[in-house]
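Number of protein chains: 2
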Amino acid sequence: MGSVPGGPAVSRRDRTDDADKVDELFERFLRENSLKHTAQRLKIVKRAFSMPKHFAAEDLYLVLRREKTYVSKATVYRTLKLLVDAHFLDELEIGARKAKFYEPVHGREHHDHMICLRCGDILEFSDDEIEAKQSEAAARHKFRVLSHSLKMFGLCRKCQDDAA
Amino acid sequence: MGSVPGGPAVSRRDRTDDADKVDELFERFLRENSLKHTAQRLKIVKRAFSMPKHFAAEDLYLVLRREKTYVSKATVYRTLKLLVDAHFLDELEIGARKAKFYEPVHGREHHDHMICLRCGDILEFSDDEIEAKQSEAAARHKFRVLSHSLKMFGLCRKCQDDAA
DNA sequence: TTATTTGCAAATGTTTTGCACACAT
DNA sequence: ATGTGTGCAAAACATTTGCAAATAA
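Top to bottom, those sequences are chains A and B. Taking the numbering used here, I'd label the letters of the first sequence as residues 3 to 166. Taking the numbering used here, I'd label the letters of the second sequence as residues 3 to 166.
It is worth saying that the hints were derived from the structure and are not from the lab. Any given hint might turn out to be false.
Since the list can't tell identical chains apart, any single copy or any two copies may satisfy a pair.
[As the list claims (entries may be wrong)] Derived lysine to aspartate or glutamate pairs resembling EDC-like cross-links, with alpha carbons at most 20 Å apart: (1) Lys38 x Glu26; (2) Lys135 x Glu111; (3) Lys23 x Asp164; (4) Lys38 x Asp92; (5) Lys160 x Asp92; (6) Lys153 x Glu95; (7) Lys153 x Glu133; (8) Lys153 x Glu111; (9) Lys153 x Glu131; (10) Lys153 x Glu126; (11) Lys144 x Asp164; (12) Lys144 x Asp129; (13) Lys83 x Glu29; (14) Lys144 x Asp123; (15) Lys55 x Asp92; (16) Lys153 x Asp130.
Using the sequences and the accompanying hints, generate a full structural model.
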């Protein structure tokens, strides 16, 4: 919250967007929030949205560098934070001292994760009833939910088979 | 998993225990797992179970030291890990780079948390239907769940009022 | 021109670890 | 006796930050 400097709170991006138009939306986002349009930001954003399903900041940094795009790690982190604040990316914490994963939002519904402790694979799922029950529980406690996360840790189907 | 040295996997502790008997159960746990009965471990355990609802490793370390029980921070961390592995304590991660919180298990049912981002208060709740839906989702994906966590972040009732 | 942004290196903060010494069994 | 456990300081490690130089507006 509030890591966007200058100007008012970051305007929420449209939910009608499309993966291909991210650069365009991002440029608009920069304009609307009086942020500067820099070569680094554009390169980071462009590459972030063509990464595998779930990627870590370091992954993105290394990919860029492998492709001869030299951006500092600090700028990668700063830009990812910007993208999260602006709701272009969602952040997924898989463990206290492990790197965070990022995933594009672009209009997708909220979903939860199953994380394989053996191969690291991440499965997504969503369940409206779970969401509803969560809201009810929060309401019961007069708790105002700003974000939530549901994670299951265990073994994916493949890793169970491999172990057998 | 498997941080208990020597001997086979840690035997799961009884679920019929009682908060007052923790020392006794812990001593039995040490015996059954061929772990050493040391003054440090006993002091750490005794104090851990008379801490506030949710405490961090550092909190416990400082409380002990304030009470003139000088145990190294490393030993506090090592003992807490032992207690988690043995299911005497549950670990709660409230943020990627924040200190973990610990809470006694002693026969309590699994529960989830609502974490106030303003005052840090932690509310507990549980919902059998949510648990059931989670299991169904896992089964649908043939995912074998070893642990799970559901957290809601936001503002507790008091902090909403204060803000108004 | 001037407020942002960048890059670098150093700092952060929690937890873990190597190692020499102490101690429970 | 001997293998564990402890304490200390250093390491680990992802992320953040201070600061001077670069640059978008």
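So which of those numbered hints doesn't the model satisfy? 3, 4 and 5
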